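With the hints as constraints, model all of the structure from the sequences given.
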Amino acid sequence: MKKLIAGTGDAISRVEGPLKVTGMAKYASEFPVENKVYGQGINSTIARGRITAIDTAEALRQPGVLEVITYQNAEQLGGYDEEMPAIATDTPMPALQGPEVHYYGEYVGLVVAETLEQAQYACRLVKVDYAAEEPNVGFEGARDSAYKPSERSDYSRGDLAAGLAEADEQLDLTYITPIEHHHPMELHAVIATYENGKIDAYASQQMVENSVKTLAKTFQIPESDIRVRAPFVGGGFGSKLNTERHVIMAIMAAKMIGRPVQVTVTRTQMFTNTGLRQRNEQRMRLGAKKDGTLTALGHDTLSHTSTYEQYQEQCGTVSKMLYATPNNQITHRLMPLNLQTPFAMRAPGEATGSFALESALDELAWKLQLDPIDLRIKNDTQVDPSNGKPFSSRPFVECLRIGAEQFGWADRPLRPGSRREGNWLVGYGVSGASRASPYQESSARVELSLDGGEVYAKVQTGATDIGTGTYTILAQTAAEYLGIPVERITVELGDTKFPDSPGSGGSWGAASFSNGVRVACQNLLDELRQRAGKEGQDVSVETLLLDNELATFAAEGTASRSEEAQDYSIYSFGANFAEVWVDKDTGMYRIKRMLNVGAAGKILNPKTAYGQIIGGLTMGAGMVIAEQTKVEPNFGNFITRSFADYHVPVNLDLAEIDVIFLPEEDKIANAMGIKGIGELGITSVAASIANALFNATGKRFRELPVTPERVLTTEVEAGVLQSR
Amino acid sequence: MRPFTYRYPRDQREALTAAAAEAGAKYLGGGTNLLDLMKEDVERPTMLIEVADLPHQQVTRNADGGFTIGAMLSNSATANYPEIRTNYPLLSMTMLAAATAQIRNMATNGGNLLQRTRCPYFYETSMPCNKRAPGSGCGALNGMNDNHAVFGWSEACVATYPGDMAVALTALGASVTVQGLDGTARTLPISDFYRLPGDEPERDNTLQPGELITALTLPAPAFPAHYYYLKIRERSSYAYALVSVAAGLQLDNGTISQVGLAMGGVAHKPWRLTEAEAFLTGKAPSEENFAEAGVIAMREARPLEHNEYKLPMGEKAVARALVQAYARN
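Residue numbers (my numbering), protein chains in the order written: chain A, 29 to 752; chain B, 2 to 330.
Accuracy of the hints is not assured; some may be wrong.
Stated by the list, open to error - SDA-like, lysine to any residue: derived pairs with alpha carbons at most 25 Å apart:
(1) K155(A) <-> G25(B)
(2) K658(A) <-> A134(B)
(3) K40(B) <-> R89(A)
(4) K155(A) <-> A134(B)
(5) K27(B) <-> S238(B)
These are computed hints drawn from the structure, not numbers from a lab. Given the structure is predicted, the values throughout are model-derived calculations rather than measurements.
Here it is in structure tokens:
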């Protein structure tokens, strides 16, 4: 066989990189679809009530304005049969169906015009009158409305009360995380064409196949009449998993006026119309013996959904399986509020749940006067306590130990507030991380062509690249399995005309897509060998094509989850370390260093994987530094409505960042040994920083974000600064 | 954005004439705030008169040793101007703490003085706001007011002035020169350029209709050795101050002979700390005196429901800015 150039595991630069930096990579709103016009959504300015009148006359008189769509002239769409339906990535998404207003910023109309500017201006001229009612937007006053959304909401094993009773030390504390927004760099966008009863949409979506399902249910047409394309997606973080209402409105408009319609959601609308991570109150009850053995772990989450749909973030997920405790109780409750329906945001459940769990463990370690790493190791388990299945691989202890050594954990200040550098108080923190590594069936097509004596390959799959490097890892996979250089491989993604793939979400992408491409390559080689009568022989693709007198040849393949995998719990594991410097007086602090150690199976490309992890660390740091969406208590609108108000970290906020991948190939997880990393990187980062802040100051920060105000106004924990 | 007429006058006279003829006209500098507000439908000018290229772009030395800075010079160019860096490092440091490099490159000095509040009720046109829609009420007074004023607010408005540059200009005792159509220029101290909201919060400052800011004037060089701008904010760049302090000290024989102290993020205008300045003058530059100056600075503060934290933060910030200013040499 020829020497491989850049197979899996090699840290090559992105194959799609040159396209991106030269502007040749086209994102949803960039396609020069002929004859297209522009739609702009109109948002409600009350949080609860009904539309009583709509006056579109002045808007319609403006030059270039083609149509104003409201519930009064919108077509009837497919919806739900039940009240408070649980939304998913393939459920219907009806828009503009009635006069009710459920939250501030809900779409109440769409203006369509020849230019974006004309559409935006005309939006200001549509007069909507409302009969407003008092909205419910806060937790206080709504607690009585909390309900159990589904059977999946609760879990228990053993007896929590008994476990707490037998503990030498217990704690019962509540952790709060605010509403956050995904805010990928690329705004949500769609260009929708409707011709002869068929939909063709360029849409910024993470899962094009499920987008088709949503559109089929919403417009009541066959899936085969719908094509969705998302060749490049500029970040999603979960917000582009489902097909949001701007897509529905664009298609509706395209049907009404008979021209392609582009709708690009504004940054302000990215707060109100493309999902959010809801506010969570998490009550943690932990009990342990003096030696750190956990006797009980209770994790109760209270959060909110909208008044018309249901979404529940599983904050208790990690608390079920990460530590061996016989007595475990998990609950989730929701309150319907006049806010947008929440939806999955990077590591839904783990990012928020791990803040509570890993902060609470740090508090327990301090109470027991144990090294927080030792406490975690003490409760390690190779069997998933939530279902009794062995973990396919679990080097969690190694993550902690190797991280401790690399970070210099032994040099940490043992007592909070004990290390000073000028005006700064120095603290170290640690946290453990785990994220499920799911697998979804994924297909691909591989086509070979012989040109000038060289073999080229084209890979096609409905998978998406949301900025993570899918193009690159699939080119590497094909290079490895076909035995041709990565430069001769072209990858095409994000089109429902290509073989089915789940798309990007839930950290299943890399494993699922790569194995799909692997099987397609293997099928292709098998067929060629068979035709050439060379079964079982190690022959190059070039020889096989020549032997078969073929200039081109294609094959498809599908990789399903293995039987063996069903018998195991499959998770990625990690540990986060942080060093913070806190100003002794002013409330300011700096994150000085962060280290992430991860065990996530085979790393297909250390360079792109590193990018994903530092992105996760940045987002995790953002949870602590400043990210929060604030709700106005009287009117129910978000007062954070742009990047000037919603503070994501800037480069200057970020530390020296180190990432270590433990060498691992988990062949139980899948044939290529790959696990997910997209969400592992954010999980428990916030706790490591909050724990470091405690170590620096003796203050516990149980509510995110930790703003200068909170640093300044939080009291030092009783007794902590005295030596013990 | 609403339709508007765009004018590009060849000279100042043409700019002033155009502004006088159109009640809804606004001058356009770098547009870093005005254009945003137009997109948000908060500002609705019927005409924009671009003045950024008018020839007020110089930095010149005056007879009294002070300097005059053109209003159309960019924030970046001003902050990095060698004679400003040398003679008024407090101003340079402050300007470079503002916004982002890209915004500082676009923003003009005159336009920056006119930056409007970041109060969320001002920005959201469906909310009540006396500054944006006089008579509609103040949404923040009984709403969310964590980033609002603790000094000089009125029942009509609790918004803060958001900028940085003007805080240093206030500590330095700068003045602002404005030109009216009748040919007369007036120069007023920066503390009189800005105003408190009273019952007319729609007026951020004392500019008269059609007047154009042409220059900033700084008195003789001050605090070239001992200066500091402390900006407490939620992230390290591209964030407005929760509280900021511009501090300058002049030392003679171990005692403080001159002090410039002003705060940002606490009032409808940059807040000069005259009592703290008076307290420190003639005193030794000690941590105790600096801490006491912080206490004095916040003594008259009147917090709202959500911004009480600004009192301890203000005290500590004043003390720390003074310590840092003193330590610098």
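Now the hints, each set against the structure:
The suggested pairing of K155(A) with G25(B) holds, with an alpha-carbon distance near 23 Å, which does not exceed 25 Å. The hinted pair formed by K658(A) and A134(B) meets the criterion: a straight-line CA distance of about 23 Å does not exceed 25 Å. Between K40(B) and R89(A) the alpha-carbon distance is near 21 Å, which keeps this suggested pair within the 25 Å criterion. The hinted pair formed by K155(A) and A134(B) meets the criterion: a straight-line CA distance of about 18 Å does not exceed 25 Å.
Distance restraint check for K27(B) and S238(B): the Cα-Cα separation of roughly 29 Å exceeds the 25 Å cut-off, and the hinted pair is therefore not satisfied.
The structure is inconsistent with hint 5 alone, although it conforms to all the rest.
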